[in-house]
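> Let the sequences and hints guide you as you build the complete structure.
Chains A and B, in that order, are what the protein sequence lines are.
End of the first sequence = 233 in this note's numbering, gap-free, step of one.
End of the second sequence = 224 in this note's numbering, gap-free, step of one.
Hint data in this document are derived by calculation from the structure and do not stem from the laboratory.
Warning: the hint list may mix true and false statements.
[Stated by the list, open to error] Only part of the chain B face toward chain A is listed, based on derived beta-carbon distances under 8 angstroms:
| hint | residue |
| --- | --- |
| 1 | His5 |
| 2 | Val8 |
| 3 | Lys12 |
| 4 | Leu16 |
| 5 | Glu78 |
| 6 | Val87 |
| 7 | Ala88 |
| 8 | Val109 |
Every residue, glycine too, gets a C-beta built ideally from N, C-alpha and C.
If you want the building blocks of each chain, they are given just below.
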Amino acid sequence: MLSADNLRHTFGAVRALDGISFSLPGGRTLALFGPNGAGKTTLLKVLAGLIKPEVGHAEVTGGRRAVGWIGHQSSLYGHLTVRENLLFWAQLYDLPAARARARVTELLGRLGMTDRADQPVRVLSRGLMQRVTIARALVHDPEVLLLDEPFTGLDLAAAGEFRRLLGELAGQGRIVVLATHNVDEGVELATDIAFQVRGRFVHFAPRAARNAGEIGEAYRRAVGNGEGGGGG
Amino acid sequence: MLRHAWVIARKDLLLEFRSRTAFVSATVFAALVLTVFEFGRDPTAVATSDLAPSILWVTFTFAGMLALNRAFQLELENQALDALLVAPISRTSLYWAKLVANCIFVGVVEAIALPLFVLFFDVPVGGILLPLIGVIALATVGFIAVGTLFSAMVSRTRFAELMLPVLLLPFLVPPLIGAVQVTAQLLAGRPLSEGEGWLRLLAAYDVAFLTLATLLFPTTVNE
Numbered sequence: 002m003l004s005a006d007n008l009r010h011t012f013g014a015v016r017a018l019d020g021i022s023f024s025l026p027g028g029r030t031l032a033l034f035g036p037n038g039a040g041k042t043t044l045l046k047v048l049a050g051l052i053k054p055e056v057g058h059a060e061v062t063g064g065r066r067a068v069g070w071i072g073h074q075s076s077l078y079g080h081l082t083v084r085e086n087l088l089f090w091a092q093l094y095d096l097p098a099a100r101a102r103a104r105v106t107e108l109l110g111r112l113g114m115t116d117r118a119d120q121p122v123r124v125l126s127r128g129l130m131q132r133v134t135i136a137r138a139l140v141h142d143p144e145v146l147l148l149d150e151p152f153t154g155l156d157l158a159a160a161g162e163f164r165r166l167l168g169e170l171a172g173q174g175r176i177v178v179l180a181t182h183n184v185d186e187g188v189e190l191a192t193d194i195a196f197q198v199r200g201r202f203v204h205f206a207p208r209a210a211r212n213a214g215e216i217g218e219a220y221r222r223a224v225g226n227g228e229g230g231g232g233g
Numbered sequence: 002m003l004r005h006a007w008v009i010a011r012k013d014l015l016l017e018f019r020s021r022t023a024f025v026s027a028t029v030f031a032a033l034v035l036t037v038f039e040f041g042r043d044p045t046a047v048a049t050s051d052l053a054p055s056i057l058w059v060t061f062t063f064a065g066m067l068a069l070n071r072a073f074q075l076e077l078e079n080q081a082l083d084a085l086l087v088a089p090i091s092r093t094s095l096y097w098a099k100l101v102a103n104c105i106f107v108g109v110v111e112a113i114a115l116p117l118f119v120l121f122f123d124v125p126v127g128g129i130l131l132p133l134i135g136v137i138a139l140a141t142v143g144f145i146a147v148g149t150l151f152s153a154m155v156s157r158t159r160f161a162e163l164m165l166p167v168l169l170l171p172f173l174v175p176p177l178i179g180a181v182q183v184t185a186q187l188l189a190g191r192p193l194s195e196g197e198g199w200l201r202l203l204a205a206y207d208v209a210f211l212t213l214a215t216l217l218f219p220t221t222v223n224e
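Shown next, in the form of structure tokens:
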């Protein structure tokens with residue numbers, strides 16, 4: 002279970018979160034849409050425990066150990082190889098050595114990175130680095146995935162494979178929160194849709210049977226209703 | 002906690018071993034400072050034995066700051082710090098990881114700078130090498146304990162590399178005075194026991210600031 006209760010947070014005069022409350026049980030995928038500066042990243046950071054909100058609180062069943070995190074940057078070390086990076090993060094999540102090696106090999110295969118395993122991360126392209134970032138977030142098999150613009154830099158094939166992977170994880174009962182400003186990304190995965198504008202949810206509902214076009218139209222109406230960005 | 006700290010410290014040392022950026026900078030810097038002091042002083046005006054301890058500690062202090070500056074920059078390059086703070090590790094283990102990595106890194110730089118110091122200033126350290134290394138270790142731990150905390154505090158500021166010395170140097174006055182005094186006594190051929198008061202000060206400084214920094218560090222890394 003992932004829950005947020007009346008989250009409020011400001012950066013100076015900018016209201017990044019303005020009374021956000023919601024909860025997601027296992028198996029749900031929330032697609033969080035909003036314009037730049039709507040507060041999506043702040044919300045994810047609060048959910049991940051990186052920011053303590055000024056008001057309200059967020060809770061993830063299982064605590065930080067249960068969270069897989071993808072931020073705006075890779076959180077990888079350029080002078081370590083792909084495999085060394087992933088094994089480093091696996092060790093921080095207390096995976097036994099043999100299991101960590103097996104998990105890393107499995108993820109690298111799944112994300113098409115097996116032949117790059119022993120290359121330093123600093124020589125990888127943006128898209129390949131993003132695949133490693135995804136593997137880094139999944140290495141400890143988290144129950145809750147908090148993903149900030151995770152499709153950035155991925156080519157069509159890699160983005161498709163990542164969508165399939167997220168679909169499988171949701172099918173296994175994991176919770177996924179996917180923040181993006183691009184409505185076309187991730188709509189097909191979502192069980193729930195939220196539109197965040199100026200720190201507030203102006204829409205939060207199950208996706209039901211609506212297609213991407215309908216959701217895009219609803220989003221444009223919500224964002225266009227005199228609201229723009231404002232948060233971080 | 003200690004296992005996580007060692008995993009992160011080992012990663013830091015491996016990164017430094019691969020890139021050698023800070024190591025080369027700190028070692029060259031130490032060699033340059035010693036060279037400047039060697040050729041920039043008038044040996045007939047001030048005796049080498051009077052000047053040498055201060056020169057040694059000025060060299061160690063400023064070379065060490067290069068290491069401290071790099072400690073948290075490593076974690077900011079690709080925002081690895083965010084993922085570290087999300088991971089189920091205590092903030093304290095992150096502090097001890099940086100402390101251990103910094104101590105090893107600065108220790109290696111000091112191990113290279115010390116022979117250069119002996120060579121340039123022709124000071125007899127044969128009979129006092131072990132006590133001298135002990136004093137260096139005692140003062141370095143205190144310096145790194147405070148420096149690691151301040152390095153984390155300033156790492157997200159715009160002028161981190163300028164801010165660190167400005168904040169840190171006032172706090173280094175007590176251990177530097179102690180270290181210079183004991184080093185001077187040792188180089189003058191006096192027994193270590195004569196500097197007992199200064200050694201106590203160095204030890205107390207280490208304990209106090211290791212404790213304080215361990216307690217304060219978690220609040221410095223939160224956004």
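> Hints first: check each against the structure and report whether it holds.
Evaluated hints:
no.	hint	verdict
1	His5	holds (6 angstroms)
2	Val8	holds (5 angstroms)
3	Lys12	holds (5 angstroms)
4	Leu16	holds (5 angstroms)
5	Glu78	holds (7 angstroms)
6	Val87	holds (4 angstroms)
7	Ala88	holds (5 angstroms)
8	Val109	violated (18 angstroms)
Going down the numbered hints, you'll see the structure goes against just number 8.
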